[in-house]
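Novice: Now for the letters of each chain:
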Amino acid sequence: GEDVEQSLFLSVREGDSSVINCTYTDSSSTYLYWYKQEPGAGLQLLTYIFSNMDMKQDQRLTVLLNKKDKHLSLRIADTQTGDSAIYFCAESIGPGGYQKVTFGTGTKLQVIP
Amino acid sequence: DGGITQSPKYLFRKEGQNVTLSCEQNLNHDAMYWYRQDPGQGLRLIYYSQIVNDFQKGDIAEGYSVSREKKESFPLTVTSAQKNPTAFYLCASRPIQGVNVLTFGAGSRLTVL
Chain A
39 GEDVEQSLFL
49 SVREGDSSVI
59 NCTYTDSSST
69 YLYWYKQEPG
79 AGLQLLTYIF
89 SNMDMKQDQR
99 LTVLLNKKDK
109 HLSLRIADTQ
119 TGDSAIYFCA
129 ESIGPGGYQK
139 VTFGTGTKLQ
149 VIP
Chain B
484 DGGITQSPKY
494 LFRKEGQNVT
504 LSCEQNLNHD
514 AMYWYRQDPG
524 QGLRLIYYSQ
534 IVNDFQKGDI
544 AEGYSVSREK
554 KESFPLTVTS
564 AQKNPTAFYL
574 CASRPIQGVN
584 VLTFGAGSRL
594 TVL
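Taken in sequence, the protein lines are chains A and B. Counting from 39, one number per residue, gives the positions in the first sequence under my numbering. Counting from 484, one number per residue, gives the positions in the second sequence under my numbering.
Hints listed in this document are in silico derivations from the structure and should not be mistaken for laboratory results. Keep in mind it's a predicted model, so treat the numbers as computed, not measured. Note that beta-carbon positions come from the ideal geometry of N, C-alpha and C, so glycine has one too. Careful, some of the hints might be misleading.
Have a look at the derived ranges for each label pair, beta carbon to beta carbon [said to hold, decoys possible]:
no.	chain 1	residue 1	chain 2	residue 2	range
1	A	LYS106	B	PRO491	33 to 41 Å
2	B	ASP537	A	GLY78	14 to 22 Å
3	B	SER563	A	THR63	29 to 37 Å
4	A	GLN95	B	GLU498	46 to 54 Å
5	B	GLY486	A	ASN90	37 to 45 Å
6	B	SER556	A	LYS106	19 to 27 Å
7	B	ASP542	A	SER45	17 to 25 Å
8	A	SER45	B	LYS540	27 to 35 Å
9	B	SER563	A	PRO77	25 to 33 Å
10	B	GLN524	A	GLY132	35 to 43 Å
Coverage of chain B stretches by chain A, computed from C-beta distances (three or more under 8 Å per stretch; other residues unrestricted) [to be verified]:
no.	region
11	564-570
12	579-590
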């Protein structure tokens with residue numbers, strides 16, 4: 039079955055790097071995602087990685103995927119107060135058009151000025 | 484601009500009443516989803532639909548119903564059978580082809596009095 043787990047809370051100082059971790063259980067995942075949610079709002083896609091990739095970098099964001107351990111991480115370099123939000127890891131499972139997206143519990147990132 | 488519109492943003496209802504949450508998208512996306520968000524539990528899938536007139540139950544469908552009569556619209560009814568309906572409800576959509584990235588609406592917060 040599918041299950042996605044994250045720690046609930048992370049606190050970092052402004053300017054430091056943040057690393058948010060996620061583990062998943064379904065090895066048939068096709069894509070893995072990181073979404074960001076600001077208070078009272080919907081989710082917005084930050085980045086995604088295809089399951090046959092190990093790493094993806096996009097400006098301050100670095101995604102690392104360890105398929106053997108089913109571990110996904112998001113590193114935010116030079117963390118800013120505007121990065122304070124809830125970050126969700128998600129995986130996409132299933133064939134073709136009937137893919138199901140499963141989300142983790144979310145990690146609340148607090149950036150201390 | 485293309486996007487997903489959820490309404491109402493805030494909704495209050497009395498116990499025993501059914502309520503319908505609206506979700507409309509003009510992105511020409513085939514698939515649409517409803518998620519429920521509770522603090523510390525992340526997003527849980529209620530229902531999803533890949534094409535018009537077809538939908539599947541997610542992980543927590545009991546007490547909810549949906550319809551998909553038009554491609555653009557995927558309303559969710561929270562029935563009186565839902566034991567704990569107070570939550571934040573998120574609608575999302577995605578194209579069938581290409582990367583399986585969800586676009587989210589801004590959410591609807593339902594409070595049962």
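Novice: Hint by hint, where does the structure go against what was stated? Just the numbers, ascending.
Specialist: 1, 2, 5, 6, 10 and 11
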